[in-house]
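Chemist: Here is what each chain is made of, one letter per residue.
There are 2 protein chains.
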Amino acid sequence: MSTIPGYTLGTASVSRSPITLVDFDQMKASTLFGEDDVKYLRLSHDVVKDSIEEILDVWYGFVGSQPHLLASFTGKADGKPLGEYLGGVRKRFGQWILDTARAEYDQKWLDYQHEIGLRHHRAKKNKTDGAPSTDIVPFRNLFALIFPVTFTLRPFLARKGHSSEDVDKMHAAWVKSCLLQLTLWSYPYVREGDF
Amino acid sequence: MSTIPGYTLGTASVSRSPITLVDFDQMKASTLFGEDDVKYLRLSHDVVKDSIEEILDVWYGFVGSQPHLLASFTGKADGKPLGEYLGGVRKRFGQWILDTARAEYDQKWLDYQHEIGLRHHRAKKNKTDGAPSTDIVPFRNLFALIFPVTFTLRPFLARKGHSSEDVDKMHAAWVKSCLLQLTLWSYPYVREGDF
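Keeping their order, the protein sequence lines are chains A and B. Here the first sequence stands for residues 0 to 194, where the numbers follow numbering that gives the first Met the number 0. Here the second sequence stands for residues 0 to 194, where the numbers follow numbering that gives the first Met the number 0.
Chain A on its own, in the form it takes in the complex:
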């Protein structure tokens, strides 16, 4: 069992994704995601696994530097950053890096993507951590972050001496995986029937 509070992948508390694995295969094809991407994501696992805290420092530094992004981690009443909430999310964010690099696209993973989407949306934001924060991570911030996240990951992908071609391929696989995951996370934001 995981010791990360609120990390519920594979548990009974996660409801079924409205998207099927067949749908997801089609989504992968739309973004040119193939077996090579699985291979390069998994190659990235051992590259990044010892740098998780450093990577999170970079990402948290970026979010913390932009008030409109940090807002999603502030108190709804006083607008001040919520340290416990930031810390709780951070542990799961570190696990997300490893899960993304693991690239195991089974029903449990798919269901958990939907859960992550709900936790960004007003449907379930704050509930996992009992945080007195804002109601929703606005949709406009979701996909935008793919660029800073993957761009700042790149130097970490290059840390263990892989060729620049291999680093490029790991990076591209991360971009595709993020596009796919963020699309899955968007489900609760999208109008009925429009997904």
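I should point out that these hints are in silico values taken from the structure, not numbers from a laboratory. Bear in mind that the values here come from a model prediction, so they are computed numbers and not experimental data. A portion of the hints provided could be inaccurate.
Covered by chain A, according to a simulated footprint, are these stretches of chain B (three or more residues, beta-carbon under 8 Å) [as the list claims (entries may be wrong)]:
hint : region
1    : 20–26
2    : 130–138
3    : 144–154
4    : 178–184
Only pairs whose alpha carbons sit at most 35 Å apart, straight line, appear in this in silico DSBU-like list of lysine-lysine [to be verified]:
hint : chain 1 : residue 1 : chain 2 : residue 2
5    : A       : LYS27     : B       : LYS27
6    : B       : LYS38     : B       : LYS48
7    : B       : LYS168    : A       : LYS159
8    : A       : LYS38     : B       : LYS27
9    : A       : LYS123    : B       : LYS27
10   : A       : LYS124    : B       : LYS124
The beta carbon of each residue, even a glycine, is placed where N, CA and C say it ideally should be.
The hints should help you fit chain B onto chain A, whose structure is shown.
Modeler: Chain B alone, transformed into the frame defined by chain A:
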């Protein structure tokens, strides 16, 4: 005046975007989009302007090869590709390449992004061309296409002898611009208040 049917940027038929230029500046910051990106997008303008038809051939080839993507250009009744509709969209798609590379983010541009979103959504799909096609481009296909579009653009960006560093920067600026534009286009898909 443009001679491209349905290309209405800057005309009175385009309604005001619900997003302001101030909102858009914030969105740019979220994706690390800065003045350098404007510079590199504009550098790409002269690089791609003579290759528009070739680029469109590649993109149409990709969409045409995947039945679930091509579906948005097929007849609602018989599921057969609609040649006139594909051709009408193609002319505007070519202009979109040039407009993306022009990187002029004024109110007219912003309003037209909203119009493009409406034309993908059930709100206005098919109306511009009077096409008897499907009701909506599903949300799940929107962001996924950023990868194939920008990945296959890259060789064209390298065609005029720029350094690989400059090609990388043009490519990155295109990825960011696409993330921003697709976010704007998503507005009609997103539930009231969640954008």
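Chemist: Does the structure keep LYS124 (chain A) and LYS124 (chain B) at a Cα separation of 35 Å or less?
Modeler: holds, 33 Å
Chemist: Are there at least three residues in the region 20–26 of chain B whose beta carbon sits under 8 Å from a beta carbon of chain A?
Modeler: Since three or more residues must qualify, the claim that chain A covers the region 20–26 of chain B holds, with 3 doing so at under 8 Å.
Chemist: Is the straight-line distance between the alpha-carbon of LYS123 (chain A) and that of LYS27 (chain B) 35 Å or less?
Modeler: Holds, at roughly 27 Å.
Chemist: Taking a Cβ-Cβ distance under 8 Å as contact, does the region 130–138 of chain B have three or more residues in contact with chain A?
Modeler: holds (count 3)
Chemist: Could you grab the alpha-carbon distance between LYS27 (chain A) and LYS27 (chain B) and see if it respects the 35 Å cut-off?
Modeler: holds, 27 Å
Chemist: Take a quick look at whether LYS38 (chain B) and LYS48 (chain B) sit within 35 Å of each other, Cα to Cα.
Modeler: Since the Cα atoms of LYS38 (chain B) and LYS48 (chain B) sit roughly 16 Å apart, the hinted pair holds (cutoff 35 Å).
Chemist: Hey, LYS38 (chain A) versus LYS27 (chain B), does the alpha-carbon distance stay inside 35 Å?
Modeler: holds, 32 Å
Chemist: Can you tell me if the region 144–154 of chain B counts as covered by chain A, using C-beta to C-beta distances under 8 Å and a minimum of three residues?
Modeler: holds (count 5)
Chemist: Are there three or more residues in the region 178–184 of chain B whose C-beta lies closer than 8 Å to some C-beta of chain A?
Modeler: holds (count 4)
Chemist: For the pair we were handed, LYS168 (chain B) and LYS159 (chain A), check the Cα-Cα distance against 35 Å.
Modeler: Roughly 24 Å separates the two Cα atoms, so the pair holds.
Against the hints set out earlier in the document, no violation occurs for any number.
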